[in-house]
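Colleague: Heads up: the protein sequence lines correspond to chains A and B, in order.
Here the UniProt record's numbering is used: the first residue of the first sequence is 1, the next is one more, and so on.
Here the UniProt record's numbering is used: the first residue of the second sequence is 1, the next is one more, and so on.
If you're looking for bench data, these hints aren't it; they were derived computationally from the structure.
A portion of the hints provided could be inaccurate.
[To be verified] Below, simulated DSSO-like cross-link-like pairs (lysine-lysine); rule was C-alpha separation at most 30 angstroms, straight line:
1. B:Lys91 to A:Lys342
2. A:Lys125 to A:Lys213
3. A:Lys272 to A:Lys382
4. A:Lys293 to B:Lys563
5. B:Lys164 to A:Lys342
6. B:Lys563 to B:Lys91
7. B:Lys563 to A:Lys272
8. A:Lys386 to B:Lys91
Here are the chains, one letter per residue:
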Amino acid sequence: MEALPRLRLALVLSAVICFSLLERSSALSSQDLQIVNAERRVSFSFLICTYIISHNVSPSQFKPGIVENIGTPPASEILLAFPPTQVDHLALVKAAVTAGKRKKKSYSPLDVKPKEVFDAPNGAKYFTISLLNPLKVGESVTLEVLYTLTHSLEPFPLEISQSESQLVYYHDSAIILSPYHIKQQITFVKTPSTKVESFTRVDPTDRAGTELKYGPYEDRPPYSFSPTIIHFENNNPFAVVEELVREVEISHWGSLQITEHYTLVHAGARHKGVFSRVEYQSRPSFSGVSSFKHLLAKLPPRVHSVYYRDEIGNISSSHLRTDSRKSELEIEPRYPLFGGWKATFVIGYGLPLPDFLFESSDGMRYLNFSFGCPLAETVVDKLTIKVVLPEGSKKPYAVVPFPVEQHLETSYSYLDVVGRTVVVLEKKNVVPEHNSPFQLKSLDTQGQIPEHVLAHVARCAPITLLLNSIEQSSFKFIASPIRHDVFITLSSANNVSPMPQTSVSFVVAP
Amino acid sequence: MEGANGGGKSAATQGGSKATDLSASNTFLFSLKTLKLKTKQQELLIRVSILCLVYILAFITRLFSVLRYESMIHEFDPYFNYRTTLFLTQKGFYEFWNWFDSESWYPLGRIIGGTLYPGLMVTAALIYWSLRFLRFAVHIREVCVLTAPFFASNTTIVAYFFGKELWDSGAGLVAAALIAICPGYISRSVAGSYDNEGVAIFALLLTFYLFVKAVNTGSLAWALASAFGYFYMVSAWGGYVFIINLIPLYVLVLLITGRYSMRLYVAYNCMYVLGMLLAMQIRFVGFQHVQSGEHMAAMGVFFLMQVFYFLDWVKYQLNDPRLFEAFLRITVTCAVGVGALALGVGTASGYISPWTGRFYSLLDPTYAKDHIPIIASVSEHQPTAWSSFMFDFHILLFLFPAGLYFCFQRLSDATIFIVMYGLTSMYFAGVMVRLILVATPAVCLISAIAVSATIKNLTQLVRAKSKVAHTGTGKGTSGTKASSKASRDQSLPFQRNGAIALLLGAFYLLSRYATHCTWVTSEAYSSPSIVLAARGAYGNRVIFDDYREAYFWLRQNTPQDAKIMSWWDYGYQITAMGNRTVIVDNNTWNNTHIATVGRAMSSYEDEAYEIMRSLDVDYVLVVFGGVTGYSSDDINKFLWMVRIGGGVFPVIKEPDYLVNGEYRVDKGAAPKMLNCLIRSSCQKEQLEDEYKLSYYRFGELTTEYGKPPG
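Can you build the whole structure from these sequences, using the hints too?
Modeller: See below:
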């Protein structure tokens, strides 16, 4: 339930659109539905844009005068349209039906899927939102949609020197792109500071403090578009993890070892000229304002054996704070990152296995672990999660609340003979909203001790005994216990979720 | 961490004193009598357990650096070794052997396979591969870091056998214990000090031991083993030249002192011929054994041995001594004449190369300073100060002459060898600081003889007394015995007490030695020198990691093909950690190239710019330690740049940079000094727009800039 508000806070750019839909036929043609009232809010903190669309029956926005159609079947799907340039940067789309007002507002998340429409004007891309209750003629629903775009702020000038601050362009449309007729709409754009160099005027346009207001616009036909450019100052750290590989290794000795390989880059305006350390340290408020040198990694509680290093050794500038609910690792790259500078590093830590691994009565095991990047406020261009299972696990399968690529690998580590099964999950364009748990399951191999294990016994008996005792059953991973809503999303988003009920019960037990 | 250090220290102290205690006397044997082992078995048990303890001690005392800092490669040269080992494990031996490295000595490049001693890398790679085969997923870095301590441990075993061969097993045990913690050796073999010497001292001592064993036994097998030991040494370190000159010298001394024997003949000939053939397999050494002046002594002695053998045979054939004498005269004259002629012709025709500068500088300590500034500029090539002898040897410095005394007292082929090894290596240790390392095993062995012999004598005195007393009280009745005993007691009234006092004194000294060694190891020899640590104002530990910061910046944020100019000290580190091409590095094979860099550093900016353009330089790395008070920065090294640059380009004159013969960098500095590149790049922030100096040349300056100077 708390998912959506939390997302909105974390996201850089969010737009909230309220629709009132009037339905005339079951077909998804734009004429049949109508958006009564739309409101969009855009905010920036770095390179991400997120859009949430939620649909809820909202009596307050119901306008009976418009609903006149009779005899058409109810609509169960609603279309979202995106310009093709935005779709490439789209990291996340979430929709929920909202009910109630203000503080009593309740959200029920909806399923969002991409949809291919062949005769789309100007190559617009679509997503469909499946409503829980089909919308009958004359009814209306209020939806809230959150979507996040990454890499949609373009630094200009492209190169800045150490003493300059960073200016960016934001391209958008003053009018919401929609396949439906919009009766009334308004867009708010919140800039990080009051310094706005220029912005496109589409009257009525108003600017107050850090907020730009486009609208209200009345009665816009479907696919209306009015391009805008906003040029403003944005010194938020443009920390982009170009590639993140997280290796989650289940140890035989009751520990979960995580190794995260980062390739971090400052994706803002490129640094020009020399870098003066003297200047940087003596006048921090003027010098290198768009650079960053601290990063915060949020790790699970009870973390131990934390290390932070790179190819050439340990990086001594890091601090770890732990309490019973969370661990925070504050890290500094070896040097402050200016535009275009890169840094690679590795963070590794151990976690107690019982916190994440659960066993069912039939010998199945489940691991809950979070997807996504532990670094706060970063975009991950390509995230790879490798779950290394103990030797002998078979046919593991991961269940993730959003579409990811999945395949299996084999890796070798200490004293391995046949190699460990590795489940590899890959996803592009990952934002902090993806920090939700995932689940993995595999077939039970109990009773089938292969020959190699016997050979292994012959070679190093004591270790094999230990391994065997742990390896006897397969591993299963399950959604996190704290997030029922996510699990539901997960089960519908993923085509295979063989035993949702059992898995939920396992989750609750610990 | 403090706890760990304390533990290590106490362990070292205990181990050191325990080893010496036990080895020296049999007094502890009684405690094991309850085990119902025979005396010999008991002794064996004690010996083996002491050796095991010493073995472990030698390893763990070298781990201070890992505990204090991290598992990392230290200093300068080890980074090259690490890089090549990495290459070897990744690409295989043939690629490694044929490796042309275009990343160093731009634009010349360097043929790595033909210009390095591959022993260390191959050793580490073999350890790595065998661990991998056993399914231990270790990183090659860990193997490299722990190679030196591992070989130091092995050295203690060799020292034990060597000591046993020289004197007795007691001396062997003491030698093992002494060498395990001797600072002179630890300085080059702490964890992370992944350098040739770490392996080479083991190989050196092994070769010597096997050779002495071969001389003692006259066995072909030992001589063969010695040849293989020599081969390993040649593959590991350029210091093999010491072996190939010391052994002929030793043989010559034996010949002169009339100790010629068939044992010697077999040992030397087999070792020399096989060793030479094996050594030729190392590309870097090649045909030097027959072509270079440094190896000619061994060849001369080889032929001399043949002459001796021939004469022996002739003497056996001719029964007339007068005839033999005449023959001897003719033969010796002829042999010497032929030898001298061959040497002369070889040298004149250029077939035999003359001695190298490094060799000269060993024989004449002032040579390098006058002729080869590049050798003299290295701090570890400076003549040794007395304090560093004391620092590295502690009580061994006093035990060494005593050991020599014992050796002369019981002269044999083996003790002659150790005496010669000790004396020559002590001389070389006096010439160059780094050669203390070579002297350390000899000093330890000779001191071990002194300790062992002294303590044995003293304990015999103590035991003899007590035995007499015991028999006296036991029998008691025999008047003659009692009277004789009484007379003996009276003749040496304080002997027993004196012996006990001396024993206690010896143990005290040895325990001081152990304490000193541990202290030196933890304080002086366990710093990686890449990372500097200091104590902050509140006793907290401050770490200066600016070197790695700069190298990592270069690695991440410069174009892949960028060329970095820096003084040659940092070359290996830039290529290994920064992964970028350098102009010069620590393999100082091309003096002109280094001089060019020195000239660029010491010229005016516009001239320097031209020089750097001609070298295709993209970045310049300069280290300035002025803010943190780090003394080994480039300003400090600057005079050497001037000297080396001036050695090739007479445009650069040292007096231009001095004021009244003084080197100053402040306001009163010489005008040329004030305007040269290095100073301006240290003071101003950039040299030329086009030549972006490394952003981190201020590494030292920046971290602590907020702190008031001083």
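Colleague: What are the numbers of the hints that this structure violates, sorted from low to high?
Modeller: 5
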